[in-house]
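Protein chains: 4
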Amino acid sequence: MIKAAIYRALAPEARQAPGLSWTNRVICVLILLSALTAILETERTLVAQAPALFPFLETLFVALFLIEYLARLYAAGMEPRYRGLKGRLRYLFSFWALVDLAAILPYFLGFVAHDNAFILRLFRLVRMLRLARLGRFSQAWHALSVALSSRAHELWLSAGVAGLLLLFSSCCLYVVEAAAQPEAFGSVPRALWWSIATLTTVGYGDVTPVTALGKVFAGLTAVAGIGLIAMPTGILAAAFSEALHRRPPSS
Amino acid sequence: MIKAAIYRALAPEARQAPGLSWTNRVICVLILLSALTAILETERTLVAQAPALFPFLETLFVALFLIEYLARLYAAGMEPRYRGLKGRLRYLFSFWALVDLAAILPYFLGFVAHDNAFILRLFRLVRMLRLARLGRFSQAWHALSVALSSRAHELWLSAGVAGLLLLFSSCCLYVVEAAAQPEAFGSVPRALWWSIATLTTVGYGDVTPVTALGKVFAGLTAVAGIGLIAMPTGILAAAFSEALHRRPPSS
Amino acid sequence: MIKAAIYRALAPEARQAPGLSWTNRVICVLILLSALTAILETERTLVAQAPALFPFLETLFVALFLIEYLARLYAAGMEPRYRGLKGRLRYLFSFWALVDLAAILPYFLGFVAHDNAFILRLFRLVRMLRLARLGRFSQAWHALSVALSSRAHELWLSAGVAGLLLLFSSCCLYVVEAAAQPEAFGSVPRALWWSIATLTTVGYGDVTPVTALGKVFAGLTAVAGIGLIAMPTGILAAAFSEALHRRPPSS
Amino acid sequence: MIKAAIYRALAPEARQAPGLSWTNRVICVLILLSALTAILETERTLVAQAPALFPFLETLFVALFLIEYLARLYAAGMEPRYRGLKGRLRYLFSFWALVDLAAILPYFLGFVAHDNAFILRLFRLVRMLRLARLGRFSQAWHALSVALSSRAHELWLSAGVAGLLLLFSSCCLYVVEAAAQPEAFGSVPRALWWSIATLTTVGYGDVTPVTALGKVFAGLTAVAGIGLIAMPTGILAAAFSEALHRRPPSS
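Chains as they are written, first to last, in the working numbering: chain A, 1 to 251; chain B, 1 to 251; chain C, 1 to 251; chain D, 1 to 251.
Any given hint could be a false lead.
What the hints assert, rightly or not - Taking CB as the label site, the calculated pair distances span:
1. Val29(A) x Phe56(C): 49 to 55 Å
2. Leu220(A) x Phe118(B): 18 to 24 Å
3. Phe118(B) x Leu40(D): 22 to 28 Å
4. Val146(B) x Leu220(A): 22 to 28 Å
5. Leu213(C) x Val29(A): 44 to 50 Å
6. Leu220(A) x Gln49(B): 32 to 38 Å
7. Gly19(A) x Gln49(B): 37 to 43 Å
8. Glu13(A) x Gln49(B): 50 to 56 Å
9. Leu64(B) x Ser145(D): 35 to 41 Å
10. Glu183(B) x Asn116(C): 42 to 48 Å
11. Leu220(A) x Leu220(B): 31 to 37 Å
12. Ala4(C) x Glu79(D): 35 to 41 Å
Unchecked claim - Just a sample of chain D residues kept apart from chain A, beta carbon distances all over 12 Å, derived:
13. Val47
14. Val210
15. Ala212
Source of the hints: derived by calculation from the structure; they are not laboratory data. Keep in mind it's a predicted model, so treat the numbers as computed, not measured. Even for Gly, the Cβ is constructed at its ideal location relative to N, Cα and C.
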């Protein structure tokens, strides 16, 4: 029976063996390729070299995803709750079916004329959301999120400490540097840009304090930034270590 | 009885159920909003768009905090030690009552004329101290500070190592780079600015060594900076791990 | 018997005592020196000071490595599987013998004329691959790779999270900054350069967002970067901690 | 007996109670102050404001350290091995006595005329070595160095991995960027400066790749830099965690 074969090929939950079926592996690769195409298409110099290639690839991917969508809709009937016309309608509004639809629909909306550059850029990236479809095939995120959420309280607390540090250091820099650099430190929100770059130890260097007192506060902020990295790292290290001790060490 | 109802609504310690009462949640939100207002008010371009909004909001917040202050003063009588006129006076000088007062008072002092820009900036930020009032509602800081203070000795030690490294690397750079860049490395305190930006791996790049020998020492400093991050992180990871093992793992 | 003495001196696996034989220590130093020579030879100002030195050293190292190669070929007969002419041929195509050959061969190919600067630079660095020969003498890499591969699943997962964060932040910056800075944020691949510098907290500062919205997204990216460092660090800390608990603590 | 009183006041090992005696605390403060004076003296603008202050303070500190030195020499006789003239001579050549002497001697050598700016700078910083005298009063370094040395093998291994990564990334950047930026990437040693700033995630930004291929390799290097921070941090976290488990958790 064809429907059962399609169902086994497409639904991850119908598979007995571990890992993904070959059909789903191909779909994963297609999703990644279509995201890569969407990324590369934003680069004008690449599009100029092969103007016809990107629209062609996009049409190809949408055609394949449309076939997959229809096949999934057809095979959904194997599950009791999606049987019959009413069941199919229920499937159409299930979470993953909507995600699948969201991966196809923008293509057809793309023919509507628009000439606002910002909207155009935003529109192109809607196609990147196809990557969300990969979530269907992975149970691994679950394990990670469990480890993170077990320490959620401590992580929020260190986020609170980080927020206060951020605010405090930008207030200090605002007070001592505003006169010397009104453009960069003329208000607390402006000083926040410097403060976040320093506390996270990114340190772009596009804005740096120039007064002696400003440098003293900046130095203290940079040192506090190390603590800011050390705290969540320590919490996560303890969380992962605890997760290891709960399950048998051989796994 | 109204006094008892106000007391139950305002005092976190009078509450049986976990979490904060709705009144206190509203107060927390008000504190955060008033801090946000104080932050945004420092930005001239925002004030220019709505010149009347910020003084109005400030007056509103102060009026609400004044009402809260008086309500707390009235309800404090529910606690035996704050009963009577003498008890109320004792409450007025209790730690959190003074903090509450410090959140209101600057508003009335604000009418005193001043035209020094530095004082004005400092003055605005006094309002940020209202955030300290949040401390009344949280017991969580306590848990974090216990974990930190259990490793205080090791953390101080690594701070000492960091201080010596900082001093040593700025001395090295001062010796080899002072001739090439007198403005940035002409003295040890000047070289400290570069040194702290490098050891904390912030790396602004506003000051970098240009001589070959200076680059060698800078490279060694940058590598030492990794150790400087690794040490407190390792200590904290061990401290949090230990804290987890002491209490039952299910919590 | 000379062959047995050479074998004991050269083959690490024939040694009873821990550590390396003196012959192999000398070879290790020679490998490091020849790599150092190859590095320094790329610097024109050094070559100009002593034009004859570097070709001489190179010839010397190749001569010594050739002698070592022939000695190893001769002594290989001590192992049963490399005995006889057929065994020697099998030795010639063994992994480490090919690596040894690769360390000598480029010297003789170097006489072929070429004037493409890129090829010339690539060619010089082939000599750096001699460092791979050090792998013959170390079993330590094995221990490290075991600790890493025991947590491979978690590390791949956090690499996946990192990849999605990278993509997401460069898409955000592309959308909001492309109009203001087409050179740096005009496409997603261009924005990736900024994104990777920020998420890894390197923060060169050659490209930074200038719009207010861009700075907000950049700040969020920088904060996410801390999580990105904390996650693999926590996983590795747990992995090393587990490795310690498995073996007796005295080791 | 005066000698015994001086001995109890000065020798940390003669003290029964934990912590340092008041005399030694004063000496520690003096050492820190004399180092601070030496640091501030390098800044010309400060010296210009009070030209007589710094030589006066230096003379004061040396006088006090000289008194301390002589008092220690006198009190050393309380220990059997330093008794008598021969014992005193032995004390003069003991490690800490030489360190104490090294803190005093440079002052008297300072009167020798010299006008080389480099030597002058080096000379000033010899006074910073007085900080080494603090080592006499602290047993804490010992505990830290034990924790570090217990994982010395793993730390060296990750240092080896770091070294190879450093070399590899600078070779890659040299090959692809040398043509575009001969000044910054024209040789492997030059590329090393960029490479170390990137792998340690310092990221000054004074030198960044400009070619597309260079940026790809730079991105990979930055990601490898995260691993480079994660590895020693993980190792140290495991080492500190192990150190905690060995001793009773209450300490």
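Right, here's what the structure says about each hint:
{"no.": "1", "hint": "Val29(A) x Phe56(C): 49 to 55 Å", "result": "holds (54 Å)"}
{"no.": "2", "hint": "Leu220(A) x Phe118(B): 18 to 24 Å", "result": "holds (20 Å)"}
{"no.": "3", "hint": "Phe118(B) x Leu40(D): 22 to 28 Å", "result": "holds (25 Å)"}
{"no.": "4", "hint": "Val146(B) x Leu220(A): 22 to 28 Å", "result": "holds (24 Å)"}
{"no.": "5", "hint": "Leu213(C) x Val29(A): 44 to 50 Å", "result": "violated (34 Å)"}
{"no.": "6", "hint": "Leu220(A) x Gln49(B): 32 to 38 Å", "result": "holds (34 Å)"}
{"no.": "7", "hint": "Gly19(A) x Gln49(B): 37 to 43 Å", "result": "violated (58 Å)"}
{"no.": "8", "hint": "Glu13(A) x Gln49(B): 50 to 56 Å", "result": "holds (54 Å)"}
{"no.": "9", "hint": "Leu64(B) x Ser145(D): 35 to 41 Å", "result": "violated (57 Å)"}
{"no.": "10", "hint": "Glu183(B) x Asn116(C): 42 to 48 Å", "result": "holds (43 Å)"}
{"no.": "11", "hint": "Leu220(A) x Leu220(B): 31 to 37 Å", "result": "violated (24 Å)"}
{"no.": "12", "hint": "Ala4(C) x Glu79(D): 35 to 41 Å", "result": "violated (58 Å)"}
{"no.": "13", "hint": "Val47", "result": "holds (16 Å)"}
{"no.": "14", "hint": "Val210", "result": "holds (15 Å)"}
{"no.": "15", "hint": "Ala212", "result": "violated (10 Å)"}
Going down the numbered hints, you'll see the structure goes against 5, 7, 9, 11, 12 and 15, while the others check out.
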